[in-house]
Amino acid sequence: MLPKGNVKAHIADWLKGLPALRNSGILNPNAKPMLPRPIILPQIRYPKYEEKEDPNIIKAHAPDLTRPYKGLKDVLENNRKWANASSLREIKFFEILNKGQNPKLFWIGCSDSRVVPETIAQLGFGQIFVHRNIANQFNANDFNCMSELEFAVNNIKVEHIIVCGHTKCVGVMNACNDHLSPNLKAWLSDIRRVRDKYPELFPDRMTESSLSQSEKDKLHRKLVEVNVSNQVSKIASNEVVQEAWKDKERKLAIHGWVFNMENGYLEDISVTIGKQ
Numbered sequence: 195m196l197p198k199g200n201v202k203a204h205i206a207d208w209l210k211g212l213p214a215l216r217n218s219g220i221l222n223p224n225a226k227p228m229l230p231r232p233i234i235l236p237q238i239r240y241p242k243y244e245e246k247e248d249p250n251i252i253k254a255h256a257p258d259l260t261r262p263y264k265g266l267k268d269v270l271e272n273n274r275k276w277a278n279a280s281s282l283r284e285i286k287f288f289e290i291l292n293k294g295q296n297p298k299l300f301w302i303g304c305s306d307s308r309v310v311p312e313t314i315a316q317l318g319f320g321q322i323f324v325h326r327n328i329a330n331q332f333n334a335n336d337f338n339c340m341s342e343l344e345f346a347v348n349n350i351k352v353e354h355i356i357v358c359g360h361t362k363c364v365g366v367m368n369a370c371n372d373h374l375s376p377n378l379k380a381w382l383s384d385i386r387r388v389r390d391k392y393p394e395l396f397p398d399r400m401t402e403s404s405l406s407q408s409e410k411d412k413l414h415r416k417l418v419e420v421n422v423s424n425q426v427s428k429i430a431s432n433e434v435v436q437e438a439w440k441d442k443e444r445k446l447a448i449h450g451w452v453f454n455m456e457n458g459y460l461e462d463i464s465v466t467i468g469k470q
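Add 194 to a position in the sequence shown, counting from 1, and you land on the number used in the numbering used here.
Please keep in mind that the hints were generated in silico from the structure rather than gathered at the bench.
One or more hints might be untrue.
[Said to hold, decoys possible] With a straight-line Cα cutoff of 27 Å, these simulated DSS-like cross-link-like pairs (lysine-lysine) come out: (1) Lys351 <-> Lys440; (2) Lys351 <-> Lys469; (3) Lys428 <-> Lys391; (4) Lys275 <-> Lys264; (5) Lys379 <-> Lys428; (6) Lys351 <-> Lys298; (7) Lys416 <-> Lys391; (8) Lys362 <-> Lys428; (9) Lys362 <-> Lys379; (10) Lys379 <-> Lys391; (11) Lys298 <-> Lys391.
[Said to hold, decoys possible] What follows is a set of in silico ranges between Cβ atoms, one per label pair, in the way DEER data are often shown: (12) Ser383 <-> Met455: 17 to 27 Å; (13) Asp462 <-> Gly265: 37 to 47 Å; (14) Glu353 <-> Lys412: 26 to 36 Å; (15) Gln436 <-> Gly294: 21 to 31 Å; (16) Lys264 <-> Arg386: 31 to 41 Å; (17) Glu402 <-> Glu271: 44 to 54 Å.
Glycine included, every Cβ here is placed at the ideal spot set by N, Cα and C.
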């Protein structure tokens with residue numbers, strides 16, 4: 195082992211003496227042949243850090259599906275762990291967050307708890323402006339929908355509006371259920387009206403009972419896509435978007451996507467509408 199100190203100097207001295215080590219058996223004829231010995235290189239010693247699990251830090255900013263939810267206390271504790279972990283990973287994280295937002299994407303998606311846009315699109319804070327409701331509807335008579343569209347287009351100046359539906363959408367599945375509450379019936383009326391144009395997507399009970407699960411899934415998928423396409427068209431014809439398109443320099447397009455729960459993929463269904 196080499197002594198402690200200037201490691202580079204020790205390595206240089208060690209290399210200078212290497213030829214003498216190689217030739218020592220040749221210069222002295224009476225010397226016994228040197229047996230090969232392991233070469234010990236100098237080791238740089240780093241400070242030792244004890245690897246202890248810190249209960250106040252969440253290693254990843256991804257949801258843990260195995261962690262049980264017991265109550266609101268868990269939500270607050272998880273938040274503290276996340277905040278502490280974020281500060282450790284990026285010292286200026288909250289300083290940057292506090293400066294404002296400038297997202298290029300406006301996401302209109304479903305309220306389903308399994309379809310979290312920031313997670314499935316792997317986008318961070320300040321990168322996506324989000325509006326969610328049951329079955330990803332756009333209703334020009336809804337103050338919430340319209341105010342968010344106006345803010346996204348006129349104030350934030352987003353470049354892309356994404357309407358994202360998803361497979362296994364309970365809202366789409368039950369849109370034509372006669373037992374829905376009045377509010378849900380009114381909210382999902384767009385999907386109910388689709389029945390007149392696409393009656394094949396709404397088989398009667400007898401026909402539906404004879405279908406395989408695969409066939410039912412295909413019908414549901416088609417209805418999800420039709421619903422997304424319908425919302426894209428409504429947004430494109432809205433006065434807020436039409437007014438924005440009058441600006442020749444303005445970049446703005448509306449896209450239709452579907453989140454496939456079977457494989458986790460976001461799928462573009464090719465219904466993009468841009469400035470004509």
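To see whether the hints hold, each was checked on the structure:
{"no.": "1", "hint": "Lys351 <-> Lys440", "in the structure": "holds, 14 Å"}
{"no.": "2", "hint": "Lys351 <-> Lys469", "in the structure": "holds, 15 Å"}
{"no.": "3", "hint": "Lys428 <-> Lys391", "in the structure": "holds, 16 Å"}
{"no.": "4", "hint": "Lys275 <-> Lys264", "in the structure": "holds, 16 Å"}
{"no.": "5", "hint": "Lys379 <-> Lys428", "in the structure": "holds, 19 Å"}
{"no.": "6", "hint": "Lys351 <-> Lys298", "in the structure": "holds, 7 Å"}
{"no.": "7", "hint": "Lys416 <-> Lys391", "in the structure": "holds, 13 Å"}
{"no.": "8", "hint": "Lys362 <-> Lys428", "in the structure": "holds, 23 Å"}
{"no.": "9", "hint": "Lys362 <-> Lys379", "in the structure": "holds, 19 Å"}
{"no.": "10", "hint": "Lys379 <-> Lys391", "in the structure": "holds, 18 Å"}
{"no.": "11", "hint": "Lys298 <-> Lys391", "in the structure": "violated, 34 Å"}
{"no.": "12", "hint": "Ser383 <-> Met455: 17 to 27 Å", "in the structure": "holds, 25 Å"}
{"no.": "13", "hint": "Asp462 <-> Gly265: 37 to 47 Å", "in the structure": "holds, 40 Å"}
{"no.": "14", "hint": "Glu353 <-> Lys412: 26 to 36 Å", "in the structure": "holds, 34 Å"}
{"no.": "15", "hint": "Gln436 <-> Gly294: 21 to 31 Å", "in the structure": "holds, 28 Å"}
{"no.": "16", "hint": "Lys264 <-> Arg386: 31 to 41 Å", "in the structure": "holds, 39 Å"}
{"no.": "17", "hint": "Glu402 <-> Glu271: 44 to 54 Å", "in the structure": "holds, 46 Å"}
Against the hints set out earlier in the document, a violation occurs for number 11 only.
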